[in-house]
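**Q** For reference, the chains in residue letters:
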Amino acid sequence: MSNPKLISRDLTVKDTFKLSKFLISWEMILIYILLIINIALIISQPSLYFANGTLSSIIQSGMDLSFMVLAMIFVLMIGAIDVSVASIMIVCSMVTGLMMDANFPSFLCVICGILAGGICGIFNGLLIAKLKMPAVIVTISTSMLFRGIVKIILDVNVLKNFPKFYSTVAWENLLGIPISLIFFLIAATIFGIILHHSKFGRELYMIGNNPTTTLYSGINVDGIQILVFTIMGLMAGISSIFFVGRMGGGVSSTMGTGYELNVIAICVLGGISTNGGKGRVYGPVIATLIMAFLIYTLGLMGVDANSRKILIGLILILAILIPHINKESIKQFKQNLSGKSKKASVTK
Amino acid sequence: MSNYILELKDVVKTFGGVTALNNVQFQLKRGEVHALMGENGAGKSTFIKVITGVHQPDSGIMLLEGESITLHSTSDSAKLGIAAIYQHVTAFPDLSVTENIFMGQEIMTPFHTYNWTAMTKRAKALIAPLSQDIDVTKPMNTLSVAQQQLVEIAKALSRDARIIIMDEPTASLTKTECEELYQIVERLRDDGVSIIFITHKFEDMYRLATRVTVFRDSQYIGTWDVDKISNSKLIAEMVGRELDQMYPHKTSKIGDVVLEVNKLSKEGYFKDISFKVRKGEILALTGLVGAGRTEVCQTLFGIMTADSGSILLEGNELTIKSPIDALKNGIGLLPEDRQLQGLVCELPIYQNVSAPVLKNFLKKGLLDQEAEIANAIELCSKIQVKAKDIVAPPSSLSGGNQQKVVFSKLLSCDLKVLILDEPTKGIDVGAKYSIYEIMNELASNGYAIIVVSSEMPEVLGTADRIVVMKSGRVTGEFAIADATQEKILEASLMKHSDTEQGA
Amino acid sequence: MSKQNKSSILYPFTSYKQFGLLICLGILLAAAALLTPSMFTLDSIISMLRNNAVYALLASGMMLVILTGGIDLSVASTLALTGVVTSVLMNKNPSIPAIFWVILAVVVGSLCGFINGFLVGKLKMIPLIATLGTMYVYRGLAFLMSGGNWLFPHQFTEGYVAFADKRILGVHSIIWFTVIVFILGGIFLGYTRPGRRIYAIGTNQDSAVISGIKPANIKMLAYSIAGALAGLAGMLYTANFSICYYGMGEGFEMQAIAICILGGVSITGGKGRIDGVVIGTLIMSIISYFISLLPGLSVWQDAIQGAIIIIAVGINIYVLKTGEKNILKERGKLI
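Chains as they are written, first to last, in the working numbering: chain A, 165 to 512; chain B, 24 to 526; chain C, 976 to 1310.
The following block holds chain A by itself, in its conformation from the complex (with noise of 0.2 Å):
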């Protein structure tokens, strides 16, 4: 209104590429994060990194958990928060494991595995969406819940009988490439595709922003809620395969606790917004490489795995920090600029 220049009636697209504004994106700083550790790994232990199998290890480490940051992207999208993804994760462990024990063939105790964690996943959406309960809330009691019932279930029995290809997953790799990153990244691009490319992904993010809005365009979102947790369960049941070959095979109910945190924390860390509505699929994805490395750079460094939980910690507060004083500090500014006219236009 007050600008004429930015207002017009031709409604074409007039901007174009910036490489100027990609090269700061929040995307490209975590990719310069990344080769910032590399380069540093390179420096402090070139025999190290260059050694067969390094890198490869560095991040098979950091995929047990990358499918269940995709999903989490989705949950983050909407706005709601899953802090059950873990005990989601032991739920469709144990479930394979024990169908295992049965002598069931191999390939239906995994489908069972992951179906059992839709039906968690299931659980939460439905207390979310259609009683309207805080996602916070009810999915801190289920994660209670879920492991409670693993808990029940095995006591301290450890359950080792699992599909051989569960550990070839894990630590194996294809032509020098471990297979997992090969499994993640197929996965990333379809949900990739999924959101920013599909109708489902779009309303998504139109959830995430603007809840009510959506509702009046016609849209269900109760459903999509509840698919969006359904998701969630299956992705962790899908994490479970990666999850217990890295474990080497046992499965125990006090497993993986903590993993839900390192899940959010990735996905703050790669851009999405815990109040929903922003964020894009290859932030969250180039931060599950960033933590895998800075993990391994970590323990290189003799730090032990309780101290690095400072880190991760300190990770989630500041990934979200840095973008909201950047603003506040922009504003202040702003603030401070016109409050000096203002004092000008007074004592006149």
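Each hint should be verified, as a subset may be incorrect.
[Unchecked claim] Here are a few chain B residues that face chain A, going by a calculated C-beta distance under 7 Å: (1) I347; (2) L363; (3) Q364; (4) V367; (5) E369; (6) A378; (7) L381; (8) L389; (9) L390; (10) A394; (11) C403; (12) D412; (13) I413; (14) V414; (15) P416.
[As the list claims (entries may be wrong)] Below, a sample of chain B positions facing chain A; criterion: calculated Cβ distance under 7 Å: (16) P346; (17) L350; (18) P379; (19) I400.
Hints are computed from structural coordinates only; laboratory data are not their basis. We put the beta carbon where it would ideally sit given N, CA and C, even for glycine.
Following the hints, put chains B and C in place on chain A, whose structure we already have.
**A** Using the frame of chain A, we list chains B and C on its own:
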């Protein structure tokens, strides 16, 4: 020495690039009731917020009893004896009446703890002259809107307010409640309190005010003694031009009944609502704020579901349980709050336009963004949306253009009935005209249109037929030929149970 | 209608806001007394209370945070951090009077809480994410402070242990601490300016701002108090069990949230009372008492608690909805 208790000179306030107050003047005498009038979006609300210190003006001066003051927050204005009673009561719903009155200036014991006994006693004393039926220990959300307003008045009095600003206090009151409020306001005035009374109703102004100030398009228009200005002159000052110029000529031909609503009821909102809309017809649904009009529209669109009654589209009974059903049957809604319900302000315009019909743009299972953009450009150009380009977010547009984007969104659907809930709310006068033009053109194209509006001139200028609601009931229906402001006003204040109300 | 009720003798009881909870507690108590008469003695009740005192302290703090419309997931980590700080330092300086450690615990705890409050109030982070982050950080710091080592009973000084263990009037002092916190909490929430403002920002933050209240400051206060109580709980926890390691109290934040929700604290903020938390704590204690009685049942603990929270929230929402419906019905009469 000043004659005025409060005086504002050349006050300017802008938000971003939008001017909300442009060189506004205002003078309030001691112990007068001063009416402040103007259309929606004229700048009245911003004006109150400047006086109460919520917003700080960009420039201009404010004099209290002749002395220049600067307000940094609401607590500053409260200290100086300025209190505001907002249109939407801004209380603490879960806290008691007592606590609502004293929040921010509690009575404490010597040990710095709440002195509940003293506060309850004082609250009772403050409430007693205003109303006998309010229990001060009950939570605020158990009271009626009228009672809550009385609590707000008591709150203002507890702070020894010398200036009380009332923002459309009578908007959702019954006639008896209005009369009670008038008497209270008169008593306050006689006690020496100066009152700024913001209202849309001429009745309020004639009954209470001695002077009236008019704002229009964020500007100060003038101040007059109430008994020295004619009704028509005042309206002309408010809307800025003669009435007949404001509305385009109607060109549509009215056809058969498209939508028929029979005895529609929803507990707590409305009861036995019946009306018909024809092809090419614009039906205005009017009445005071809170009469249940928006709820009727939301029920037709499936946001709420009715308890009983039927909705017939071209003779066939519909069950509408969600907006999905409504849109499938060809009923579209332009919601009241375009930013909260109509648009996703952060997403590009074209994505907003195609939101309800995404499945039309699927190509091999994926969205064809080129087609979406082309379609959105076509629709938006047709109704002359002005924007940087089609990927600009609606948050960068003016109110009028935002509303046009919502229109484009509706036009992308295949609809028979359009429900427009306050389509010109908060839109400047120039843009209003183009909204009316769009409405007319849509009617000519055969849409049946239901428009909800509180603005009397708009109702009279655009509609073919007028249905008036009051407290959840239809209290009058007029063809445009025999409708007058007086008749509509009478119907919108009428209460079928006014006699019961007194008991 | 309501006037008739008032004349009834039972009115003081039925009008009590937590009446339903009280009945629930009564039934559970009766069940305990009837089903396990031999086990349900004064001593076992006292030890039950002693075991749950820490939850009560955490829940009281959690309640303040939930009242502001937030949540604090870091309280259990705060408990661990302060517990580790005080017991490690106590072990190194056994000559310092034990009261010092209580004060230190409160100070360290409030510092942790203040950081949460700063992130949420001033920097406007989402409470869930902010406290999720600090939950990691505090737990990690606890590990660093302890060096990964455990402290065992023989390493605790007598004075230190006495703060939880000493019996006054036959009741352990850790229970007295809890009682005092409840009483102070009641006074704070009911009769002081900051306490009432916690309710004000929880019920309607915009109105609060118009009334001249600064939500950021009130939130910082609420989180700081929650942290202080978690700190106190940390010190008392180590004293009570004479044991200390960095992983202690994991999952206690869920216990605290569960107690609040059971006690009728509204998860959307603004509604809830300290007496609800008292009753909530008692109900939770009896449930865990039952679980502990039946030997095979200990593995059921998590599942049962998860289910209880879901059901409690469900009831909470149901009650809200019926309340709204009743208001609509009242209004319907006027139409």
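**Q** Hint B/L390 vs chain A: min CB-CB distance below 7 Å?
**A** holds, 6 Å
**Q** Let me know if the C-beta of B/I413 comes in closer than 7 Å to any C-beta of chain A, holds or violated.
**A** Cβ of B/I413 sits 4 Å from chain A, so the hint holds.
**Q** So, B/D412 near chain A? Judge it on the closest CB pair being under 7 Å.
**A** Cβ of B/D412 sits 5 Å from chain A, so the hint holds.
**Q** Holds or violated: is there a CB of chain A closer than 7 Å to the CB of B/C403?
**A** OK, holds: B/C403 within 7 Å of chain A, min 6 Å.
**Q** Next item in the hint list is B/A394. Is there a CB on chain A closer than 7 Å to its CB?
**A** Violated, about 13 Å.
**Q** Any CB of chain A closer than 7 Å to the CB of B/Q364?
**A** holds, 5 Å
**Q** Should the hint that B/E369 touches chain A count as held when the rule is a Cβ pair under 7 Å?
**A** The hint holds - B/E369 has a Cβ within 7 Å of chain A, the shortest such distance being about 5 Å.
**Q** Interface hint check: B/I347, Cβ to nearest Cβ on chain A, cutoff 7 Å. Holds or violated?
**A** holds, 5 Å
**Q** Hint validation: B/P416 versus chain A, beta carbon distance must be below 7 Å. Holds or violated?
**A** violated, 10 Å
**Q** Hint check: is the beta carbon of B/P379 less than 7 Å from a beta carbon of chain A?
**A** Check passed: Cβ of B/P379 comes within 5 Å of chain A, closer than 7 Å.
**Q** Grab the minimum C-beta distance from B/L381 to chain A and call the hint holds if it beats 7 Å, violated otherwise.
**A** Given a least distance of 5 Å, the restraint on B/L381 holds.
**Q** Grab the minimum C-beta distance from B/V414 to chain A and call the hint holds if it beats 7 Å, violated otherwise.
**A** holds, 5 Å
Checked against the numbered hints given earlier, this structure breaks hints 10, 15; the rest are met.
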